[in-house]
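Engineer: Sequence:
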Amino acid sequence: MLNLLDIDTLHYDVRYLKFKKSDAFKMIIHDQIQETRDHIYDVEVKALELACMEEGFIRGFLKGVRLVQLKTGAEIEGLTPSQASYDSP
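Residue numbers (full-length UniProt numbering): 1 to 89.
In case anyone wonders, no lab produced these hints; they're calculated from the structure.
Bear in mind the structure is a predicted one, so any value in this text is a computation, not a measurement.
Glycine included, each C-beta is placed from N, C-alpha and C at the ideal position.
There's no promise every hint is true.
Stated by the list, open to error - Estimated spans, in silico, between C-beta atoms of each pair:
| id | residue 1 | residue 2 | range |
| --- | --- | --- | --- |
| 1 | Asp42 | Gln69 | 37 to 45 Å |
| 2 | Lys18 | Asp38 | 26 to 34 Å |
| 3 | Cys52 | Leu10 | 55 to 63 Å |
| 4 | Arg37 | Phe57 | 49 to 57 Å |
| 5 | Ser22 | Asp42 | 26 to 34 Å |
| 6 | Ile40 | His11 | 51 to 59 Å |
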């Protein structure tokens, strides 16, 4: 024999299963997936921007070092020949 709690639980389960099949549920899941993708994209883009800025800073710094090296004719300690060349990245 079913008691009232069992009937309420069954009603809830049926409503929940109907909701899971509904378009509203699918839209909620779709929105959550899109938000997650956007967040991951934002994190990856920010990391890439930071890496590019660091690379740009390093390139600019090495250009400055090469310029000083050319003007003074001095050898910079710790600077490799490839870093000192004009065609290095």
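Engineer: None of the hints should be skipped; say for each whether it holds.
Structural biologist: The hints, checked one at a time:
1. Against the hinted window of 37 to 45 Å, the Cβ-Cβ separation of Asp42 and Gln69 comes to about 40 Å, which satisfies the hint.
2. Roughly 30 Å separates the CB atoms of Lys18 and Asp38, a value that falls within the hinted 26 to 34 Å.
3. At roughly 58 Å, the beta-carbon separation of Cys52 and Leu10 lies within the given 55 to 63 Å, and the hint holds.
4. Against the hinted window of 49 to 57 Å, the Cβ-Cβ separation of Arg37 and Phe57 comes to about 30 Å, which falls outside the hint.
5. In this structure the hint that Ser22 and Asp42 lie 26 to 34 Å apart at CB holds, the actual value being about 30 Å.
6. Hint check: Ile40 to His11, Cβ distance near 39 Å, so the stated range 51 to 59 Å is violated.
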